[in-house]
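Could you build all of it, start to finish, from the sequences and the hints given here?
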Amino acid sequence: MPEPRHSGEEDAVVIPIGTGGRPGRGSGSARPSAAARNLAPTPRKSSAGRQPGPRPATTDVRPSASAPEDAGRAEAADAAPTTGIPVGDWLSAAQEAAHEVFGDDWERRLAELMAFVRRRLEGDYEVDDYGFDRELTERFFMAALRPIAEKWFRLEVRGLENIPAEGGALVVSNHSGTVPLDGLMTMLTVHDHAHRFLRPLGADLVFRLPFVSSLARKSGATLACVEDAERMLCGGDLVGVWPEGFKGIGKPFSERYKLQRFGRGGFVSAALRTGVPIIPLSVVGAEEIYPLVGNVPSLARLLGVPYIPITPFFPWLGPLGMVPLPSKWIMEFGEPIRTDSYDPAEADDPMLVFNVTDQVRETIQHTLFDLLRERDGVFS
Amino acid sequence: MGRVVLVTGISRDMGRRFARAAAGDPSVDRVIGVDVVPPRGDLGDVSFVRADIRNPVIAKVLAKEDVDTVVHMSVIATPGSAGGRGTMKELNVIGSMQLLAACQKSATVERVVVKSTTTVYGSSPRDPAMFTEDMGPKRLPSSGYAKDVYEVEGYVRGFARRRPDVAVTMLRAANVVGPHVSSPLTNYFRLPVVPRVLGFDPRMQFLHEDDLLRVLRHAATSGVPGTFNVAGDGLMTLSQAVRRLGRPSVAMPRMAVGRLGATMRQARFSDFSPEQLGFLTYGRGVDTTRMRTVLGFEPEYTTAEAFADFCRAMSPAAREGAGRA
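Heads up: the protein sequence lines correspond to chains Y and V, in order.
Take 83 as the starting number for the first sequence in the working numbering and just add one per residue.
Take 547 as the starting number for the second sequence in the working numbering and just add one per residue.
These aren't lab readings, by the way, just hints derived from the structure by calculation.
Positions of the beta carbon are idealized from the N, C-alpha and C atoms, including for glycine.
A hint or two may mislead.
As the list claims (entries may be wrong) - Derived CB-CB ranges, DEER-like:
{"no.": "1", "chain 1": "Y", "residue 1": "Arg228", "chain 2": "V", "residue 2": "Thr633", "range": "57 to 67 Å"}
{"no.": "2", "chain 1": "V", "residue 1": "Ala854", "chain 2": "Y", "residue 2": "Glu337", "range": "53 to 63 Å"}
{"no.": "3", "chain 1": "Y", "residue 1": "Trp234", "chain 2": "V", "residue 2": "Gly792", "range": "34 to 44 Å"}
{"no.": "4", "chain 1": "Y", "residue 1": "Val294", "chain 2": "V", "residue 2": "Leu686", "range": "24 to 34 Å"}
Said to hold, decoys possible - Among chain V residues calculated to face chain Y with C-beta under 8 Å, some are:
{"no.": "5", "residue": "Arg672"}
{"no.": "6", "residue": "Ala675"}
{"no.": "7", "residue": "Leu744"}
{"no.": "8", "residue": "Gly745"}
{"no.": "9", "residue": "Phe746"}
{"no.": "10", "residue": "Leu781"}
{"no.": "11", "residue": "Thr783"}
{"no.": "12", "residue": "Arg789"}
Now the structure itself:
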């Protein structure tokens, strides 16, 4: 609270700044703190008629020597909390606010929102076999991610025509950024531009962690295992995998844009067995959001997580260090690699699986290098 | 000539109701109910034989009555009703062993139907979204009901191997709900305040009690061998179930829920078992394709409808009647 200034003992001019010991902006309490009361100047000419309160000496410090209209205004201000704003004003303000928030057809939109809230509270919604809550994902998760993608990372998307409009397909992407934000951004991009839901496959750690696990299931993820991948692809879903896994997102900043090993090629055999196309996706920009410069392996082992990230900002700036750097992102969906020419039985041929895995990996790596050459700067 | 069906575990509500339903089936001649204690409700045309399946007397019953179909329903989930975990394990495992040994010796038995449960798949973060019948648990159950069922299933498989001429049907039923069901899960939902594990929202599948009776009858009369998952269509999350139930729920860390469950178990307030904690954390889903294509069974209730029926029975008017029966 700013200290009230008063120029002289005798003149008692109007106090220009501060609240004079009364509860000011943000104090939140009706009674001033002891410190504020001490700071407040004691009124010299106390007018008993104006101060019927139990604390006449401290509550009002506005000098009565000021202009009469000032005194009148002060009285009006004091009286305001008791009489209150007319109900009509409240209503019109609420109406205006609704208009502001929901636009012209605010009544319909508000009714929709209320219906949504009611459905959520009564459990009157559907989840699919994997626990995917379509309504919540569309209305909540996507809406929350959209401004981050558009305003913070200024996401640029290329090659959207490579995402099939229907039928099963496997999107394979590079993984980076310490925190799997690239996965969330890919889900949003696919939803907004291709109007399909990307069903990500997550590591079992995701499903072991509280909160993360229920959010993951609700947003459409499932465990990265052959059974689930094949089940989803057979069901005609668009499935996303990040075969680098923790080796990808947890790699040091010095190794950025160098693809790690692509797992054991399980995703390729799932695609071969179901005959769906593999769409390579290259994401540039995610490497720079949290530059990983260090790790605390002992603590990570203790907590049972793959790594404890240390970035130039993270533990040092506390929560502020968790804000990702606003790098400029480019996402390029590559040409689909068809697998329907192979026989499903060939999924058991390790050599073929390794070859296709390498083909996907090389495609992504080369696209990454091309995109890196093209971009002007990390943040521009 | 109709079939002669022997039903074990008839003292419990589901066993008794199944036996009565089977007795009403035109293809069934006679139904014999076996249990250690006499059933409480009306048995109808079912003849009751007081016998303990834990000792070889059961072989004599099979031989004397010319039983050709055995429906084994006495694998129990609640230690409280059996009088302790030790008795429960003995009833489940030794009882099943004795029964299967008697079946193996019998010359008349043609079909064996075992009511198992999807609990056998366990619950862990490494689980696939939907278990098929060929999959096993990711982590072997170390205690309790899940371990009993896992062992019983092993003995049943062994029996099927040794007697290939007997059609063995194993029905892995999802959590059974319904107005009359008293299981660890329904008792959990009957708690005044439902404790949930903080940060987890497990997926659940339910089977209506009527559908359980129907599928057992279907298996006993059709004699399709194999192992089948049986569950209503669709899934629900626990948060959804609690909201539809209209009960208040409180989310607590996993450890606290486990501690609370142990306390309630000790106080005989609820049959909250340790493996149930895993289920309430990670949930489970089973694939029912084979139930439709091979077994040829279609449940009448979906998961949501089965739970809705359970909710109706839980409404204040019906609550006094049901209680914690």
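Structure-based check of each hint:
1. Arg228(Y) <-> Thr633(V): 57 to 67 Å: holds, 59 Å
2. Ala854(V) <-> Glu337(Y): 53 to 63 Å: holds, 54 Å
3. Trp234(Y) <-> Gly792(V): 34 to 44 Å: holds, 41 Å
4. Val294(Y) <-> Leu686(V): 24 to 34 Å: For Val294(Y) and Leu686(V) the Cβ distance comes to about 26 Å; the hint holds.
5. Arg672: holds, 5 Å
6. Ala675: With a closest approach of 5 Å, the Ala675(V) hint holds.
7. Leu744: Constraint on Leu744(V) satisfied, holds at 6 Å.
8. Gly745: Check passed: Cβ of Gly745(V) comes within 3 Å of chain Y, closer than 8 Å.
9. Phe746: holds, 6 Å
10. Leu781: holds, 6 Å
11. Thr783: holds, 6 Å
12. Arg789: holds, 3 Å
Violated hints: none; the structure is consistent with every hint.
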